[in-house]
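Here the protein sequences line up with chains W and S, keeping their order. The first sequence runs 194 to 565 under our numbering. The second sequence runs 20 to 452 under our numbering.
Hints in this document: simulated from the structure, not taken from any laboratory. Take the hints with a grain of salt, since some may be wrong.
Said to hold, decoys possible - Beta-carbon label-pair distances, calculated as ranges:
1) W/238 / S/52: 48 to 54 Å
2) S/237 / W/302: 33 to 39 Å
3) S/182 / W/226: 37 to 43 Å
4) W/207 / S/137: 56 to 62 Å
5) S/349 / W/211: 29 to 35 Å
6) W/231 / S/402: 52 to 58 Å
7) W/477 / S/272: 47 to 53 Å
In this text, a Cβ means the ideal position worked out from N, Cα and C, and glycines have one as well.
Here's the letter readout for the chains.
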Amino acid sequence: MPGKFPALDVLVPPHIRKIEPYIPSKPDAVLKEMYGCSTLHRLNNNENALGPTTAALAAIKNFDPVQAAVYPSGDAYFLRCRLGERFGLSPDAFLVGNGANEVIAFAINAFCQKGDNIITADKTFAVYEWVAEFSGFEAKLIPLKDYGFDDQAMLSAIDERTKIVFVCNPNNPTGTYWNKERLKAFLDKIDGRTIVVVDEAYSEFVEAPDFPDCMELIKDYPNLVVFRTFSKMFGLAALRIGYLAGSLEVVDVIRRTCVVYSVNALAQTAALATLIDADEHMAKTRAMIRESRNYLTSELTCLNIPFIAGEGSYVIIRLPMSDMLIYRKLMRLGYMVRTMTGFRFPNHIRVTLQPLPVMEGFIKALTEVLKK
Amino acid sequence: MSNIMTAEISVLLITEMLPVVTGFAEQTGKAFGLTQAQQHKLVLAMEELFVFLAKQDEQQSTVRVTCRNGGYYVVLACLFPLHILPAAAFNITAKVSLDDDASLEEMGLLLAARAVDRLEVVRENREFLELRLVVEKEYPAASTGLEPLVEQDGYVVQATSHEILKQFAKRVSKAYAKIAPAFFAFPGKVVDMVASGEYDAVLAVNKQGYVGGGIFWRQTGKMIEFFGPYMFIGQEDLAQAVTDQALIKLARSQALCMVNLQPTTEVPQDYFETLGEIAITAGDVEKEDVKHQVLYRQLEEDNGAKVFVHPKIAGFMEESYDRLVLPRTLLTTEYAGEAILAHSAFSVALDWPRGQAFLSVLAVGQDALNNLKEHVVFLRQEGIVNLFFYLDAGKAEEALLVPALLGAGFTPRLVLPWGGYGDLVLFQQGEVF
C-alpha cells in the first residue's frame with residue numbers, strides 16, 4: 194500500500210515556503226539541442242577560458258583512479274598547509290569548502306541565530322542573501338552607490354543584531370572595488386562589532402596597485418574573514434573547491450559548522466598543484482582579460498551601447514530590450530550570457546571576458562540581434 | 020498585530036455536524052470584519068457545500084474547515100479527501116432537474132458557488148481537494164476630492180504607505196477610468212489588497228506627498244500580473260523608473276514571469292515582449308471596444324520545456340514559439356480512443372465589471388464540446404461579452420480539449436510562457452471586431 198502524502202503545510206517552515214528553488218541551467222548538450230545551435234560559448238559563469246594551470250592539469254591527469262575508493266582528507270590537510278605557507282598564516286587559519294558557496298553557509302550558520310541579520314549590497318552576488326534567508330535570518334540590503342558598496346550606509350545599517358557584513362571585493366557584477374585605505378577605514382569603524390567577510394572570488398584578476406591584500410590584513414583585524422575560490426582564476430569550477438581564511442579564534446568558531454569530507458580528493462589534489470604555478474597562470478589570464486576587455490569596451494562604445502567595466506573577468510552591458518529576450522536570441526547564435534534581472538539590473542547582461550576570437554563572435558552576434 | 024488571521028476546526032463529514040460548521044462560518048466571518056449580510060452569504064454557502072459533501076461521502080471522512088482573513092476578503096475553505104467529489108459538479112452551468120436525484124444533489128455546490136464572490140478549487144496534493152468560498156469585503160467608493168498635480172519634478176520612487184496608496188487608487192480611477200480594473204475605485208480595498216501580501220505597488224511621490232504615477236501587481240503562482248504603469252504627470256522617465264523598481268523588487272521573488280493583459284500607453288516598450296493581441300468588447304455604452312497588445316517579460320532565463328500540442332493548433336504554436344524565440348519541444352497529442360471521464364468540468368473566473376470570464380479545465384471528459392457550448396451560452400446570457408480559455412500546454416490531457424474548444428468557437432490568440440504548470444495558450448471565444 195502506498196504511504197500517505199506528507200503534511201507539507203505542517204512540515205515545511207514558513208521561511209522555506211517563500212523561497213524559490215534555484216534551478217541551474219541545463220547541460221550544454223541539452224541547451225544546444227533546444228536552441229538549435231551547433232556550438233555554445235559559455236559567457237555566463239565567469240569561467241576561465243584558459244582552464245586550469247599546467248600543474249593542475251598534470252595532477253588531474255595523473256590522479257590515481259584507485260584512490261576514488263579512499264576518503265579524502267576530511268579537512269584538506271595538505272592544501273591548508275600549503276595555503277598557510279603561501280600567505281604566511283597558520284594552516285588552521287583556513288577552512289576549505291565544496292566551493293565558496295559552502296563556506297558562505299558555514300560562516301552564516303556559525304554566527305547567526307534567530308533574530309540576527311547580515312548586511313550586504315542589493316546588487317551583488319546573491320548567495321549571501323539567499324543563504325541568510327533560507328536559514329531564517331534577515332539580509333539587510335544596502336543599495337550600491339556609484340555601482341560600488343556604500344560603506345557609510347552599511348555602517349549606519351548595523352544594529353545590535355548584525356552579525357556579519359559581506360563585502361564583495363571586487364563586486365560581482367559591477368567590478369567596483371574598495372582600495373586598501375577605504376577597507377581599513379571601514380574595518381576601523383566596525384571595530385570588531387561584527388564579522389566582516391570580504392569575498393575575493395575575483396581578486397586574482399585585479400591589477401590595480403591600490404587593491405588591498407586581505408590575507409595580510411587578517412593579522413590586524415581578527416574579525417576579518419576572507420573568501421577565495423579556485424573556480425574563477427584557477428579554472429577548477431567543475432571540481433568545486435574554495436576556502437576561507439581568518440584569525441585562528443574566528444576560524445575555530447566557523448569550523449564548528451563545517452561539513453568535513455565535503456571536498457573530494459581530486460579537487461584537493463588539483464588545488465594543491467595549482468599553487469605550484471599559480472602566479473604564471475594569473476599573469477597569462479590577466480593579459481587575456483585585459484586584451485578582451487579593451488576590445489569589448491571599444492566595440493560597445495562604437496555601437497553606442499552603455500556598459501559597466503571594472504575589475505574582474507566580466508563586463509555588464511545595458512541593452513535596449515529585456516535581458517531575458519536577448520539571452521534567448523543570443524543562445525540561438527551560440528552565445529550564453531548571464532541575464533542581470535536576478536542581480537537587480539533589469540535589461541543588463543553580464544559577459545565573461547574570453548579570448549579575442551570569441552569576443553569578436555559575440556560582438557557580431559550582439560549586433561545581429563539588436564538589428565532585428 | 021497582523022490583520023491576517025486564521026481559525027480552523029476539524030469535523031466529521033456528517034449532517035449532524037452542520038450547526039458546528041455554519042456556526043464557525045458565522046462567527047469567524049464576524050470576527051474577520053464581514054457585514055451581517057456577508058456573514059449570511061458565507062453561512063449559506065457553507066451549509067450548501069457541507070450538506071452536499073456529506074451526501075457524497077460514504078466513509079464519514081474528517082474534513083478540515085479553515086477561515087482566513089485575507090484583509091480585503093474572507094476565505095472559508097474545506098479540505099476533504101479527493102474521492103468524495105464528482106468532477107462534473109463544478110460546472111457553473113450544471114443543470115438541475117427536479118426529476119433527477121443526482122442532479123438535485125449537485126445543486127448544493129451550485130448554490131454555494133453563487134452565494135459567494137468566488138468559488139475556488141485547489142488540488143492540495145494527491146489525496147486532498149480544497150474548496151474555497153471567498154467573500155470580498157465592502158468598501159466605500161473613492162471620494163472625488165483630489166489635488167491637481169502641478170509640479171513636474173522632484174518625484175522619487177518609494178515604498179508605499181496607506182495614504183499614498185489611497186491617493187494613487189483615486190488618481191488611477193479618475194485618469195484611467197476606461198481601462199483600469201474596478202478595484203481602483205475603492206481606495207481602502209487597494210490598501211488592504213497590498214496589506215494582504217497578494218498585491219504590491221511601486222509609486223513615484225514628490226516632497227509634498229503627491230503621487231505622480233505608479234505600477235501595481237499581483238502574484239498568482241509563478242506569474243505576476245501587473246497593471247499600469249499609470250502616470251499622472253508627463254514624465255516618460257518616471258514610467259521607466261517605476262518599472263525598473265518593480266523589476267528590482269521582483270528580481271529575487273518566486274515569480275518566473277510578468278504579464279500585462281491591458282497595458283497603458285506609458286509602459287516602457289523595451290522592457291517587454293509582445294505576446295499577441297486581444298480584443299476586448301466593452302459591453303458598456305460608456306466604454307469603448309479596444310484591441311491591445313499583451314505584454315510579457317520573463318524574470319528568469321528560459322532553459323526550455325516540453326509542451327503538449329494538438330495537431331489542430333500545431334501551426335499556431337510553432338509560429339508563436341519561433342516568434343518569441345522560445346526553446347520548446349513540441350509533443351503532438353490527440354485523442355486515440357483511450358478511456359477518459361464521461362463528464363468534463365470547467366472552472367470559471369468571472370470579472371463582472373469588465374464583462375470577462377476566464378475558463379480553465381478541471382477535468383477532461385467526453386462531453387467537453389457540449390459542455391463548453393453550454394458555458395458559452397450561459398455566460399453570454401449572463402452578460403459576459405469577453406470569453407477566454409486558458410489551456411495549459413504543460414499538461415498532456417489538456418491538449419485533448421483542443422477540438423472541443425475550436426468546435427465551441429474558441430480561437431487561440433497567444434501563448435503565455437510559464438503562465439501555469441507549463442505554458443498557457445489563451446483562447447478567445449467568438450468573432451472579434
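Which numbered hints are broken by the structure, listed smallest first?
3, 4, 7
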